[in-house]
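**Student:** Construct the complete structure from the given sequences, taking the supplied hints into account.
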Amino acid sequence: MSDKDQRMVNAFDPAAASTLAAREQALLQRRQQSLGAAYRLFYEQPIHVVRGEGVHLYDPDGQAYLDVYNNVASVGHSHPRVVEAIARQAATLNTHTRYLNDIVVDYAERLLATLALDDYQMVFTCTGSEANDLALRLAWGVTGGRGIIVSTHAYHGVTASVAECSPAFGDGVPLGMHVRTVAPPDSYREGENAGPRFLQDVQAAINELKRHGIQPAALLVDTLFTSDGVFAEPAGCLAQAATLIRAAGGLFIADEVQAGFARSGSHFWGFQRHGAIPDIVTMGKPMGNGHPVAGLAARSDIIEAFSRKVRYFNTFGGNPVSCAAGMAVLDIIRDEELQENARATGALFKAGLLRLAQQHAWIGDVRGSGFFLGVEMVSHRQHKVPARQETSCIVNGLRQRGILISATGPNGNILKVRPQLVFRPEHVEQFLTALDEVLQAL
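Residue 246 in this note's numbering sits at position 246 of the sequence shown, and the numbers go up by one each step.
By construction, these hints were calculated from the structure, which means they are not laboratory data. Please read all numbers here as calculations on a predicted model, not as lab measurements. Hints may be right or wrong, so weigh each one.
Between beta-carbon pairs, the in silico distance windows are [what the hints assert, rightly or not]:
no., residue 1, residue 2, range
1, A38, R308, 37 to 47 Å
2, E84, R197, 43 to 53 Å
3, N94, S34, 25 to 35 Å
4, N193, A361, 19 to 29 Å
Note that CB positions come from ideal geometry on N, CA and C, so glycine has one too.
**Tutor:** As structure tokens, then:
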């Protein structure tokens with residue numbers, strides 16, 4: 001989630017430090033002194049966490065919090081198989097990719113197989129920001145253009161090049177002069193016109209770039225439009241958008257940092273839901289279940305053209321310990337059938353939210369796929385007025401009931417429901433019961 005979203009609905013105000021317990025006040029003071037003001041804390045009453053297990057985080061007193069937000073530890077906090085894989089590899093070897101070593105090749109082959117795309121190659125980084133940064137460099141290098149098209153509230157990372165392609169940061173981080181934005185396909189407000197309008201806007205952005213003498217280089221899209229408010233439909237529109245950008249001489253970059261690794265349930269990758277073929281796929285967050293590993297897959301001709309000019313090297317990208325963590329995550333998703341769980345339990349979750357929508361007029365829309373759902377809160381259903389302040393109350397009300405969630409979208413009024421892949425029906429019921437209580441109290 002972007003910092004802008006946090007400021008709107010889900011940030012701790014340091015001026016309220018006196019309301020915290022003495023233990024947390026002392027830790028907060030040390031944190032502010034050593035880390036400074038750039039760091040943010042979630043919730044009106046921040047949580048002091050000391051350990052995680054499965055779908056729960058725990059505070060120093062042993063209170064459990066149901067984690068319905070954190071898709072980084074995607075197969076469960078401190079999953080023993082990931083922990084064991086990291087420890088075993090760290091005790092054996094950890095170095096960079098300039099030596100021959102089996103595990104980085106094994107891991108690259110495993111990842112490429114999940115894409116089901118012909119003749120693609122991997123490049124490893126440490127973060128999704130780095131992966132998107134490198135994707136832009138590849139696009140600029142192979143197309144000769146600079147123009148980038150993103151969605152209107154996109155978040156693609158924190159490096160200089162991707163921050164200026166991330167409107168979610170707000171006015172404090174101006175967009176680059178080479179960046180154009182298009183509204184996401186909002187099926188809640190636009191209905192069947194959402195897909196066609198999105199495609200018209202992509203073409204208009206292409207035309208506008210060219211009119212200003214800027215050659216389009218890429219359409220960079222989070223395949224679930226997660227920061228825009230979670231827009232999974234209409235499936236298929238991204239395939240058509242990819243056709244448009246290629247016709248203009250650019251590339252289609254599928255940002256799977258949040259949407260990938262079986263999160264949608266129906267498919268392993270978000271672009272697969274759309275039947276789209278990306279030129280570059282970026283990935284991160286859940287790859288190592290909390291261990292920092294990320295990367296991209298690109299057509300081999302793109303990487304070959306780039307490599308003729310530049311030799312890319314990332315000291316820690318693709319290190320053996322990170323690859324061991326990534327391999328364990330892939331094994332767990334397969335062995336525990338977590339994609340199917342995301343599909344089935346995600347459908348159960350969505351159905352439960354739709355039932356709550358029949359009881360509470362605050363819920364204007366429930367959308368998404370698998371374990372990435374958006375619940376849009378409105379103060380007036382007919383006019384679909386964003387309920388920004390009420391959403392803040394909901395987020396913090398759930399936190400008081402031991403459930404962690406956040407919000408997204410330009411108005412901060414969309415609950416970002418993205419449980420870990422090991423979420424089960426009993427966890428769904430716990431969340432729905434608590435949300436019902438919070439909505440009744442509004």
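**Student:** Could you run down the list of hints and mark each one as holding or not?
**Tutor:** So, going through the hints one by one against the coordinates:
no.: 1; hint: A38 <-> R308: 37 to 47 Å; verdict: holds (39 Å)
no.: 2; hint: E84 <-> R197: 43 to 53 Å; verdict: holds (49 Å)
no.: 3; hint: N94 <-> S34: 25 to 35 Å; verdict: holds (28 Å)
no.: 4; hint: N193 <-> A361: 19 to 29 Å; verdict: holds (25 Å)
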